[in-house]
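Got chain A; can you put chain B on it based on the hints?
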Amino acid sequence: MKRLTACNQSEHVVSRRSILAGTIGALGAGVLGQPLLSEELHARRKRLLILFQSGGASQFETWDPKPGTKTGGPFRAISTSLPGVHIGELLPHTAGIMHRLAVVRSVNTRIADHFLGHYALQSGRRVPGYPVLGSAAARLLEQPGDVLPGYVSLRRDGPKAFTDIGDAGFLGPKYEAVKIINGQPPANLVRPAAISESTESARDAIRRRSDERFLSGRSARSIQAYGNSFDQAAVLMKRRDIFDLNKEPAADRERYGDHDFGRHCLLARRLLESGINCVKVVHHDWDAHEENFHWHQQRCSEFDGTFATLINDFADRGLLEDTLIVVTGEMGRTPRINNRAGRDHWGNAWSMAMAGCGIEQGVVYGKTNEDGTSVVDGEVDLGHLFHTWLTALGLDPTGHYDIGGGENQIGTPAASAIKELLA
Amino acid sequence: MTIEPEKTHLVKEFSHDAPLLACAFDRTGQFVFAGGRDRSVHCWEIATGKKTALDAHETWVCALVSWKDSLCTADYSGRVICWSLANGPPEIKWTIEAHQGTVRSVAVSPDESLVATGGRDGKVRLWSADSGQPVAELSGHEDQVYGVVFHPDGRHLASADRHSQTPTVRIWELEGQREKASLDASDLSAYRRGENVEWGGVRDVAFSPDGSTLACCGRHKYAGQATVLLFDNHTGKQTEKLVSTFKAIFHRVTFHSNGFLIAAGGDIKSGELWFWNPTEQKLMPGKPVAADNEPLAKIQLSGPANFFDLHPDGRQIAVAHSTGKSTYPDGGAIGIYDLSAATNEGSTNSSGNCSINETHRAVAAAQLA
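Order-wise, the sequence lines are chains A and B. Under the working numbering, the first sequence has 275 at position 275, and the numbering climbs by one with no breaks. Under the working numbering, the second sequence has 1244 at position 244, and the numbering climbs by one with no breaks.
Calculated from the structure, these hints are not laboratory results. Each hint should be verified, as a subset may be incorrect.
What the hints assert, rightly or not - Taking CB as the label site, the calculated pair distances span:
| # | chain 1 | residue 1 | chain 2 | residue 2 | range |
| --- | --- | --- | --- | --- | --- |
| 1 | A | GLY406 | B | ALA1223 | 44 to 52 Å |
| 2 | A | LYS247 | B | ASN1293 | 51 to 59 Å |
| 3 | B | ASP1184 | A | ASP157 | 23 to 31 Å |
| 4 | A | ASP316 | B | SER1212 | 55 to 63 Å |
| 5 | A | ASP371 | B | HIS1009 | 56 to 64 Å |
| 6 | B | SER1131 | A | PRO92 | 23 to 31 Å |
| 7 | A | LYS367 | B | LYS1007 | 52 to 60 Å |
| 8 | A | GLY394 | B | ILE1092 | 52 to 60 Å |
| 9 | B | PRO1152 | A | LYS367 | 51 to 59 Å |
C-beta: ideal position from N, C-alpha, C; glycine also.
Isolated chain A, as found in the complex (with noise of 0.2 Å):
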């Protein structure tokens, strides 16, 4: 079945031919004075949500538990809204909505390494210098006129440093991610109060000569990302409003949870009704090495309601016809428990887990032995992961960057979607 995309019809053709014709100032009077875009134009959209649990969650007390045996751990597990499909006691709200999900529980990446497991999960390879999904699906998924940023990363400071491993690769920094730290807008967005707007518009006006004039006859590339980079700064500046959750209601702000996984991810719902096309939400401190049951108590029920909120609000709000959610870390966590009661790096069988846009829902796929050291069906590998996500959002992973005069294929060549996970 053929999917609508709205850039194909005729009203937003001509919408954008206003943007195109217009300049940064007049968008800032016109589209991007309104708060929120959520006319059809971004409804029909297609969108990318990574809910990322970075330090890489256990399997056994998330999506594939084994409760009675040497390496289930001591939580229990729970039937859900899938009949038949049970998951761990710690996600009593997910388990509501696992009809909305599908559930890989059959990952096997060979990577029990933070560093490399960010950069892999995330770019569907281990050779470095691809562009990770979010910079990849804000590259595919651009269309002519948009002026946000294609790909906003939200955190909280002071993460391990693997946090922000693999960005855009070749792609460019236009396609890197603009970070968010704690709910801030990036810095600078005011413009001084020294600085008239006339004054602004006349530096601003020097510059586009100076870059013009530089790229007759040169490589275009690194000066047209410079250039991009001040048009986006000017366009954040008129709408740094986007990043402001006090124009979210408190009843959203509340369900949503009061920490910081809870106001990114309303942070997230924001930027995606605005019309930031990719958006990953970083969920800190899954590396439980030490007294796992404590901080998976701690960090599940964070994560869990949040979660399901998300998940029910954006089917409510038909944002998740048109929105993929990934949900995932760089890797699982050890069958085996340690002393310190704590799971070690685990990349060889583990679980994670999409919904929305392009996705079946109600779909447990892969699954592990019985004490879930290995995959016994369905074994998963990151390229798979990667073609899967870039083909439900309609894109072709067999497609090829067309970079310098040089191709790269967008997903490996080694893979291909998991066609029982697409819709």
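Same frame as chain A, now just chain B:
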């Protein structure tokens, strides 16, 4: 027999195929019960090593306390089971769903009429020891309650939480069920914002025999040493910080009736018992007080310790720990340690069925006398 902590030595070890998390002697001292990383409560007859299992929990058993002819066992799901040890094999007296989530600690009042529990939900709850009926709920902690202990006067209770940045011990007046004092245990905080590593918080709490001193334990700072804090129970002021040289967490602290302090904990591969003579106690003439953190003794254990219990006669302790040379344990064990040079392996006149008969009671009474 003279208690000499520095001569503490292992006299028996009972092995299990899973790490053990908690243990308790029965009142006669003939048996030791333990819970661990499986669903059973395990009972060893100390004299013979005969082992039996009590099966009723659906998840790991992580806290135990015994009194008179009863045993309370608590698990990760929030369930507490009270077993009667009076006649023959242990039987369930009552079962309660005590907390939303894990029960972290359980204690019995000096008059043995109340059971206190602390849990994941940050609540302290009091229950009738006879019936399991709820008596009171004490609210105020902002994190999981890892330690509860009754004051020797029976009219107060202390509870301690695992808040990583501002761990707190709260003293409650049981009559009126109101908070009497809040003690700042932030010397046990171990929180790193960069990684949000929450290794801090209080893991256990204890009163001295005369009730004048409160001890709580945990770890000093991120990846730091196992530590005990002492507070003056009347002023609420911290009086001592006993920092061990053991880079680990003290999971358990208690006072011996002679006045010295015992703490135990574990790291990734090793476990240690530490003994201090607190400055305020001065109950052991001729022994050094805890100035400069100098312990009376420290003992290497067979594996990382999760809990210990004092024998009713005060001459032995049972330590619940894991075993194996790897960072991943092969199993667990209960180590029985004598707190003196002489060996005391306990009476052998036992039926071996985990029940307390009149003979046991008489033996216990004689020992306590």
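Evaluated hints:
Checked against the hint of 44 to 52 Å, the C-beta distance between A:GLY406 and B:ALA1223 comes to roughly 47 Å, which is consistent with it. Separation of A:LYS247 from B:ASN1293 is about 55 Å and conforms to the stated range, judged on CB atoms against 51 to 59 Å. Look at B:ASP1184 against A:ASP157: about 26 Å separates their beta carbons, and that is inside 23 to 31 Å. Taking the beta carbon of each, A:ASP316 and B:SER1212 are about 59 Å apart, inside 55 to 63 Å as hinted.
At about 38 Å, the CB distance of A:ASP371 to B:HIS1009 disagrees with the hint of 56 to 64 Å. The hinted range of 23 to 31 Å is satisfied by B:SER1131 and A:PRO92, whose Cβ atoms lie roughly 30 Å apart. A C-beta distance of roughly 56 Å is found between A:LYS367 and B:LYS1007, which places it inside the suggested range of 52 to 60 Å. About 59 Å separates the C-beta atoms of A:GLY394 and B:ILE1092, a value consistent with the hinted range of 52 to 60 Å.
Separated by about 56 Å at the C-beta atoms, B:PRO1152 and A:LYS367 satisfy the suggested range of 51 to 59 Å.
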